[in-house]
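> Chain residues, written in single-letter form:
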Amino acid sequence: MSISLDDVAKSYGRSDGKFALNGVTAEIPSGSLTAILGPSGSGKSTLLKVIAGLEQPDRGRVCIEGDDVTDLDARFRGIGFCFQQYAPFRHLTVEKNIAYGLKVRRRPRAEISKKVAEMLELVQLGDFAKRYPAQLSGGQRQRMALARALAIEPRVLLLDEPFGALDAQVRAELRTWVKNLHDQVPITTIMVTHDQSEAMEVASQLVVLRDGRIEQTGAPGELYDHPATPFVHEFLGPTTTVGGEVVRPHDLVLRRQPGPGHQGKVTGVVALGFEVRVEVALDDGSSCWVQLTAHEFAELTVTVGDAVAVSPR
Amino acid sequence: MTAIDHALFPAPEPRPVDRRAQGSWGRLALRVPVIGFLVIVVALPVGYLFFQAATQGWSSITNQLSQAQLWQAVWLSAKIALWAVPLNTISGVAAALLISKSRWAGTKVLGLLFDLPIALSPIILGIALYAAYSDLGWFGPFLARHGINLFSVPAMVLASCAMSLPYVLRSVLPVLEELGDEQEQAARTLGASAIRRFWTITLPTIRWGVLYGVALTLARVLGEYGAVLIVSGNQPGVSQSLSLYIGASYDTNNPKAALVAAVLLAAFSMVILVVLAVLKRREKRILVDQP
Chain B
1 MSISLDDVAK SYGRSDGKFA LNGVTAEIPS GSLTAILGPS GSGKSTLLKV IAGLEQPDRG
61 RVCIEGDDVT DLDARFRGIG FCFQQYAPFR HLTVEKNIAY GLKVRRRPRA EISKKVAEML
121 ELVQLGDFAK RYPAQLSGGQ RQRMALARAL AIEPRVLLLD EPFGALDAQV RAELRTWVKN
181 LHDQVPITTI MVTHDQSEAM EVASQLVVLR DGRIEQTGAP GELYDHPATP FVHEFLGPTT
241 TVGGEVVRPH DLVLRRQPGP GHQGKVTGVV ALGFEVRVEV ALDDGSSCWV QLTAHEFAEL
301 TVTVGDAVAV SPR
Chain A
1001 MTAIDHALFP APEPRPVDRR AQGSWGRLAL RVPVIGFLVI VVALPVGYLF FQAATQGWSS
1061 ITNQLSQAQL WQAVWLSAKI ALWAVPLNTI SGVAAALLIS KSRWAGTKVL GLLFDLPIAL
1121 SPIILGIALY AAYSDLGWFG PFLARHGINL FSVPAMVLAS CAMSLPYVLR SVLPVLEELG
1181 DEQEQAARTL GASAIRRFWT ITLPTIRWGV LYGVALTLAR VLGEYGAVLI VSGNQPGVSQ
1241 SLSLYIGASY DTNNPKAALV AAVLLAAFSM VILVVLAVLK RREKRILVDQ P
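In order, the protein sequence lines correspond to chains B and A. For the first sequence, position 24 matches number 24 in our numbering, and the numbering has no gaps at all. Just add 1000 to the spot in the second sequence (first one is 1) and you have our numbering.
These are computed hints drawn from the structure, not numbers from a lab. We put the CB at the ideal spot given by N, CA and C, even for glycine. A hint or two may mislead.
Derived lysine-lysine pairs resembling DSS-like cross-links, with alpha carbons at most 27 Å apart [stated by the list, open to error]:
id: 1; chain 1: B; residue 1: K179; chain 2: B; residue 2: K114
id: 2; chain 1: B; residue 1: K96; chain 2: A; residue 2: K1280
id: 3; chain 1: A; residue 1: K1256; chain 2: A; residue 2: K1079
id: 4; chain 1: B; residue 1: K130; chain 2: A; residue 2: K1284
id: 5; chain 1: B; residue 1: K96; chain 2: A; residue 2: K1101
id: 6; chain 1: A; residue 1: K1108; chain 2: A; residue 2: K1284
id: 7; chain 1: A; residue 1: K1108; chain 2: B; residue 2: K18
id: 8; chain 1: A; residue 1: K1284; chain 2: A; residue 2: K1101
Sample of chain B residues at the chain A side, in silico, Cβ under 8 Å [claimed, not checked]:
id: 9; residue: A74
id: 10; residue: F81
id: 11; residue: F83
id: 12; residue: Q85
id: 13; residue: R90
Use the sequences and the hints to build the structure in full.
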């Protein structure tokens, strides 16, 4: 269901008068998987907690599905929230963790056990129902937290740095898994992350946050190709400067001289498997780098000291 | 009281020691003074106490154990503990919740106030309680007009509460701070009310910490002497707790009675010590990951 934020601000009463959120207005479409992306301290976790009702904004309104929920306690908002460290109930088994929200809602016992079984199946933890959280791996704990949040059939799913506490391999697996899960259970999902590649891979919409303000909102490709500000440009991927203009290093064409564009000399070649980075000192005194595929580089065969020309694609 | 010392100065976690790096002389130089000190301060006197109590002869022991005043003292100590321990458990848990949740700096002062009574000498606290609530004190006449006389058993409960005030708080607060409030917030998003969150999430996660604090409080309440002595009047059979009975017997040249009663109290304290060790293990098991 859609979520709309209207001029949301939150200061935490800091003495320097700085805002954690400084007038955030955004529309999160129904059924989307949106990533709130920003560096640490940009206010993204605070924004998530304001949507959840775990933090109260100083001003502004939060609407879920057209209902103004700003003054509604987190208990009644119908949201599923997954904490960065998953916040498992350590004294309860996996199945009791998942059943918690349903017991609070006083569902009949048969319905609860049916739903728990369904959730265990969904997150592939069927064999771990009787285990305690302390006996699970990080990835399993996260899936348990997701099952616990989804069991109450929330209107909105909120994930705070869902992959932050995992090692690289598990993280890559879970990204794909979460994306597939969202296809199976198409519930409006907002995740908070500081990792741009994670956001671009998983989310259908990005909200880039900086110092408590929204820099830009849109589809990942749109933001990547048409960043509204230098900050978004640099935050979403590598950049380099040619002739005073900020461009993506893979949007540059490298030719041997004579060629069009900015003239210069190769000062370094870094081969990273499929990708090769060529560093160029330009005649105007600046330097840039060009990103080539290994194939492009093999055809070009430049080495350090060669005279080259760099031009935008 | 060994149980109390154990809590105030908890033994540091054992670290894996690289035995090659540390020469046997170095280890010896550490062990001998530590063990020697323990023997002089604790093992010898307590061991001698048990020895002396045991060697006075079976008939003498049974004679001491059949004294009505001894069992009246035991019963009074139990009664005081039955009041003081629940009172301090509730106030300690409440204070721990308050301090762990509050972002306000003033709650730090609250924690310090909880620690104050055991930092003070018991005799100071006893005099303070007496001065405040007796007929001569500030609030005594006011209480008397409303038909309340705190002396002596209620005052003994108050003194016992004061002297064991911080134990539950100090056992529970670190657990709460370690756990953070995320579990509770997760329960909130799942729809649980504050009361339900307390009973189903907070209390079960701190239960071993609470029990640890209860055991410490109990040990302290039973062993308390100074503050209780001041406010009690120390009347045999009426306002004489077990520790006061031991003191009185000793003072009145009845060391045999004092010894038997002392062994009784010491044995109970040792049981509490063992219970504490078990609880500490349990607490660890719930907090430490074991995938």
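> Now tell me if each hint is right for this structure.
Results of checking the hints against the structure:
1. In summary, the hint linking K179 of chain B to K114 of chain B is supported, as the alpha carbons are separated by about 25 Å, within the 27 Å threshold.
2. With a C-alpha separation of about 25 Å, the suggested pairing of K96 of chain B with K1280 of chain A holds against the 27 Å cut-off.
3. Distance check on the hinted pair: K1256 of chain A and K1079 of chain A sit about 25 Å apart at the alpha-carbon level, within 27 Å; holds.
4. Distance hint between K130 of chain B and K1284 of chain A is fulfilled; the C-alpha atoms sit about 20 Å from each other, no more than 27 Å.
5. Distance restraint check for K96 of chain B and K1101 of chain A: the Cα-Cα separation of roughly 26 Å lies within the 27 Å cut-off, and the hinted pair is therefore satisfied.
6. Distance restraint check for K1108 of chain A and K1284 of chain A: the Cα-Cα separation of roughly 26 Å lies within the 27 Å cut-off, and the hinted pair is therefore satisfied.
7. Restraint check for K1108 of chain A and K18 of chain B: satisfied, since their Cα atoms lie roughly 26 Å apart, inside the 27 Å limit.
8. At most 27 Å may separate the alpha-carbon atoms for a hinted pair to count; K1284 of chain A and K1101 of chain A meet this at roughly 22 Å.
9. At its closest, the beta carbon of A74 of chain B sits 5 Å from a beta carbon of chain A; the interface hint therefore holds under the 8 Å criterion.
10. Checking F81 of chain B against chain A by beta carbon gives a least distance of about 4 Å; that is within 8 Å, so the hint holds.
11. The restraint placing F83 of chain B at the interface with chain A holds, with a minimum CB-CB distance near 5 Å, inside the 8 Å limit.
12. Contact between Q85 of chain B and chain A, as hinted, is supported at the beta carbon level, the nearest pair being about 6 Å apart and thus within 8 Å.
13. Annotation: R90 of chain B was flagged as interfacial toward chain A, and the flag holds, the nearest CB pair being 6 Å apart, inside 8 Å.
Of the numbered hints listed earlier, not one is contradicted by the structure.
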